[in-house]
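Colleague: Here is how the chains run, residue by residue.
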Amino acid sequence: MTFSRRFAETFAKNRITMLGAGPMSIMVTEEIIRLANLFRKEIAMIPSRRQVDARELGGGYVNKWSTQTFTEFVRKRDKGGFVLLSRDHSGPWQLAHNRADGSVLSHSEAMDEVKSSLEVDIKCGFDLIHIDPSQGLKLGRSQSQVEDDALDLLEFCQNRATADTEFEIGADEQSSVPDLVHEAEENLSRMLMRIKKMGLALPMFYVLQTGTKVMETRNIGSFDARLSAIGMLPAAVQLPKIIAMCEKYGIFLKEHNADYLSDSSLLWHRRYGIHAANVAPEFGVVQTREFLKIAQEFKQDWFIDAFSKIVISGGKWRKWMLDPTQVTDVERVEIAGHYHFSDTEVIELLTKLERNVQEKGLHFEERVRSTVSRSIQRYLEYFGYGLGPR
Amino acid sequence: MTTFDTLILNRNLKNVTETLAQTIRKLERADGVFVIDAGSRLDEVSSLTLVRDDTPEATSMGLRIARGFNLGIRSWMQLNREVDWLLLLPNDSELEHESLAELLDRLSNTPQIAAIVPTYPGDPYQRILEKQPISLGWHIPEGPILVSTRYIKERFLDGCDEIFDSSNFRGFLLYLELSLRLYSNDYGIVLTNMLRFRENQSYLLNEHQLIGTEPYSENQRLLLDEGRQWLIDKFGYGDRRALENLVRLTFEEFVRVHGKLYPEAS
Numbered sequence: 001m002t003f004s005r006r007f008a009e010t011f012a013k014n015r016i017t018m019l020g021a022g023p024m025s026i027m028v029t030e031e032i033i034r035l036a037n038l039f040r041k042e043i044a045m046i047p048s049r050r051q052v053d054a055r056e057l058g059g060g061y062v063n064k065w066s067t068q069t070f071t072e073f074v075r076k077r078d079k080g081g082f083v084l085l086s087r088d089h090s091g092p093w094q095l096a097h098n099r100a101d102g103s104v105l106s107h108s109e110a111m112d113e114v115k116s117s118l119e120v121d122i123k124c125g126f127d128l129i130h131i132d133p134s135q136g137l138k139l140g141r142s143q144s145q146v147e148d149d150a151l152d153l154l155e156f157c158q159n160r161a162t163a164d165t166e167f168e169i170g171a172d173e174q175s176s177v178p179d180l181v182h183e184a185e186e187n188l189s190r191m192l193m194r195i196k197k198m199g200l201a202l203p204m205f206y207v208l209q210t211g212t213k214v215m216e217t218r219n220i221g222s223f224d225a226r227l228s229a230i231g232m233l234p235a236a237v238q239l240p241k242i243i244a245m246c247e248k249y250g251i252f253l254k255e256h257n258a259d260y261l262s263d264s265s266l267l268w269h270r271r272y273g274i275h276a277a278n279v280a281p282e283f284g285v286v287q288t289r290e291f292l293k294i295a296q297e298f299k300q301d302w303f304i305d306a307f308s309k310i311v312i313s314g315g316k317w318r319k320w321m322l323d324p325t326q327v328t329d330v331e332r333v334e335i336a337g338h339y340h341f342s343d344t345e346v347i348e349l350l351t352k353l354e355r356n357v358q359e360k361g362l363h364f365e366e367r368v369r370s371t372v373s374r375s376i377q378r379y380l381e382y383f384g385y386g387l388g389p390r
Numbered sequence: 391m392t393t394f395d396t397l398i399l400n401r402n403l404k405n406v407t408e409t410l411a412q413t414i415r416k417l418e419r420a421d422g423v424f425v426i427d428a429g430s431r432l433d434e435v436s437s438l439t440l441v442r443d444d445t446p447e448a449t450s451m452g453l454r455i456a457r458g459f460n461l462g463i464r465s466w467m468q469l470n471r472e473v474d475w476l477l478l479l480p481n482d483s484e485l486e487h488e489s490l491a492e493l494l495d496r497l498s499n500t501p502q503i504a505a506i507v508p509t510y511p512g513d514p515y516q517r518i519l520e521k522q523p524i525s526l527g528w529h530i531p532e533g534p535i536l537v538s539t540r541y542i543k544e545r546f547l548d549g550c551d552e553i554f555d556s557s558n559f560r561g562f563l564l565y566l567e568l569s570l571r572l573y574s575n576d577y578g579i580v581l582t583n584m585l586r587f588r589e590n591q592s593y594l595l596n597e598h599q600l601i602g603t604e605p606y607s608e609n610q611r612l613l614l615d616e617g618r619q620w621l622i623d624k625f626g627y628g629d630r631r632a633l634e635n636l637v638r639l640t641f642e643e644f645v646r647v648h649g650k651l652y653p654e655a656s
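Order-wise, the sequence lines are chains A and B. The first sequence runs 1 to 390 under our numbering. The second sequence runs 391 to 656 under our numbering.
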């Protein structure tokens, strides 16, 4: 049975929201695999190109994994086959905007680059690929050119992939409000018509903005707002229509940026019938926070100082900042710590921290793992994976 | 010809209230303009005042829109006015745009519409209303609103002299609940960009002491805390989404039956 058929039977029919989880670290990756096998339901593992990419393109920042080594790592541990390898945001300029000399990659260079990345994804047997050329919009390409790029990439992939490979189209522009239904429908029906005309298989998922937006360590979109915010269309108005529209076109809705949502918002994912939702940075932040918490509890200030220095000077926190921001340095470290877990210096710091606290009786890895696991499990329980409150 | 009366809710902003009253009076189809006074100091009571609550509670805490508008509507009903609509305005409303005569004419043949909600600058519904300036809606923000006299009279005949829930003091989801009251009675609400008001928040942000209310942030906190308690007491749940769900389903039934009246705002 194909995954899309299985998904319709297992998830959509039972109103279970499938979790797309970012492999933010080795530990997060291992816990995603373990939990998918424990719950015996698929979790989509959703590496971005910056996290994991083809060896030929330099790999990614998570454990310095290439697509090839990452695939091997996951498949070897995923005994029940419950992890879907799902490329997130694959498109031109998604890995890098610039050449080594700082000039912007041309369109053809960026398309060639993403195709070489996609080729490896397909060879490695990725189950789901999100085609997202929307970075082009920031570099002057029109909506119609971006759609052309999406179709070009979809055709490229489908000519190489097996019939089991599924695709996801559409982009979340990290807006804080849901897409307008009539605009989303115009875009979707136009794309689907063009896909059919080209004789390609229809994508399985459509990414639409549902009112989730991650900044700092909060979800500031309308979905989770306690009050209807001025200027934001309430998610409750748009979401049921967006889902009905997706169902009308035989496509599943994939929400992005579901990090940090409240329990109540997660519960409503099932009630609204959101088919799938992606969560990524939160899991990395949870792991970093636990490192810092342990260091504080065991008075390992040297770790906090040295780790913080690396993370603050690394600047990876910048893209998550609100403007203006009130974030402290500690929070900057929490936000961006995971980008540095594979830095040699940080590995040494963590090894020393682990040794020191173990001497004082703490099982370091177990404690961190259990915290990370709980944060992933919260989503699974509210999304209806089986052992939770509903 | 379709006409309307206006009730403006005042608390300690006499000049602002009377300036707004003058603006409204100049509108085509405007008839009477009256003021509801929510416990203002004597020197801030408008000469246009129809009814005044000067009880210690109102003097110290004000009335807010549910209690204030209800008080005004009760007094206004005793005047037996022959108008079709009643415009309810907080006094910090500022008129931005109006094609009111045309709007009222367009609605004159649809008695099922019992409330008209104007937009405000930056209102997300405006993008939808560019194509269809009058659209059915249900999740509407609290603020200026036109309520049909027909609906008000029907409620009073039904023995209910409260259009809004006075127990919802700070107005948490007040108009969402109004949607429920209307749609479950087979009445509809339209949103429109043919009438647009701006809320001048500077009074709340900068002059809350003069008005006699809490600072803005404190007011927001109380709105959430007391609002959640109101929701629990009234509906048995504290999750606003459950109320949204209920209203949406009731709305969808109205659209199923009367969908041809106006397109839906989505």
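Hints listed in this document are in silico derivations from the structure and should not be mistaken for laboratory results. Hints should not be assumed to be uniformly reliable.
Said to hold, decoys possible - Here chain B is said to cover these stretches of chain A; the calculated rule only asks that three of the stretch's residues, wherever they fall, bring their Cβ under 8 Å from a Cβ of chain B:
#, segment
1, 234 to 246
2, 263 to 276
3, 344 to 355
Stated by the list, open to error - DSSO-like, lysine-lysine: derived pairs with alpha carbons at most 30 Å apart:
#, chain 1, residue 1, chain 2, residue 2
4, A, K197, A, K248
5, A, K241, A, K299
6, B, K650, A, K248
7, A, K241, B, K624
8, B, K521, A, K241
9, A, K115, A, K64
10, A, K196, A, K123
11, A, K299, A, K41
12, B, K543, A, K241
13, A, K138, B, K521
14, B, K521, A, K248
15, B, K416, B, K624
Stated by the list, open to error - Over the 10 Å line for every Cβ pair with chain A, so calculated as not near, a few chain B residues:
#, residue
16, M391
17, N405
18, L432
19, D474
20, I518
21, H529
22, H598
23, Q610
24, D623
All C-beta atoms in this analysis are idealised placements derived from N, C-alpha and C, irrespective of residue type, glycine included.
Colleague: Give a verdict on every hint.
Modeller: Hints versus structure:
Check on the segment 234 to 246 of chain A: 6 of its residues sit with their Cβ under 8 Å from a Cβ of chain B, so the three-residue criterion for coverage holds. With a cut-off of 8 Å between beta carbons, the segment 263 to 276 of chain A has 3 residues touching chain B; three or more are needed, and the interface restraint holds. Here's how the segment 344 to 355 of chain A fares: 0 of its residues keep a CB closer than 8 Å to some CB of chain B, so the rule of at least three is not met and the hint is violated. Using a Cα cut-off of 30 Å, the hinted pair K197/A and K248/A holds, with the two alpha carbons roughly 19 Å apart.
A hinted pair counts as satisfied when its Cα atoms are at most 30 Å apart, and K241/A with K299/A does not qualify at roughly 53 Å. For the suggested pair K650/B and K248/A, the alpha carbons sit about 21 Å apart, so the restraint of at most 30 Å is met. Distance hint between K241/A and K624/B is fulfilled; the C-alpha atoms sit about 28 Å from each other, no more than 30 Å. A hinted pair counts as satisfied when its Cα atoms are at most 30 Å apart, and K521/B with K241/A qualifies at roughly 18 Å.
Distance check on the hinted pair: K115/A and K64/A sit about 21 Å apart at the alpha-carbon level, within 30 Å; holds. For the proposed pair K196/A and K123/A, the alpha carbon gap of about 25 Å is at most 30 Å, so the pair holds. Only pairs whose Cα atoms come within 30 Å are accepted, and K299/A paired with K41/A is rejected, the gap being roughly 41 Å. For the hint pairing K543/B with K241/A, the CA-to-CA distance comes to about 35 Å; that exceeds 30 Å, so the pair is violated.
Taken as a hint, the K138/A and K521/B pair is honoured in the structure, with Cα atoms around 28 Å apart against an allowance of 30 Å. Taken as a hint, the K521/B and K248/A pair is honoured in the structure, with Cα atoms around 23 Å apart against an allowance of 30 Å. Among the hinted pairs, K416/B with K624/B is inconsistent with the structure: their alpha-carbon atoms are about 41 Å apart, more than 30 Å. No Cβ of chain A approaches the Cβ of M391/B within 10 Å, the least distance being about 34 Å, so the stated non-interface status holds.
Annotated as non-interface, N405/B keeps its C-beta farther than 10 Å from every C-beta of chain A; the closest such distance is 26 Å. Listed as outside the interface, L432/B is consistent with that label: its C-beta sits roughly 34 Å from the nearest C-beta of chain A, beyond the 10 Å cut-off. At the 10 Å boundary, the C-beta of D474/B stays outside the reach of chain A, the nearest C-beta of that chain being 28 Å off. For I518/B, the condition that its CB be more than 10 Å from all CB atoms of chain A is violated, with the nearest at approximately 6 Å.
Not every Cβ of chain A is farther than 10 Å from the Cβ of H529/B; the closest lies at roughly 5 Å, contradicting the non-interface assignment. The Cβ of H598/B sits about 18 Å from the closest Cβ of chain A, beyond the 10 Å cut-off, so the non-interface label holds. Under the 10 Å C-beta cut-off, the non-interface status given to Q610/B relative to chain A is violated; the minimum distance is some 7 Å. Interface exclusion of D623/B from chain A stands, the closest Cβ pair being 18 Å apart, more than 10 Å.
Hint compliance for this structure: hints 3, 5, 11, 12, 15, 20, 21, 23 are broken, all remaining hints hold.
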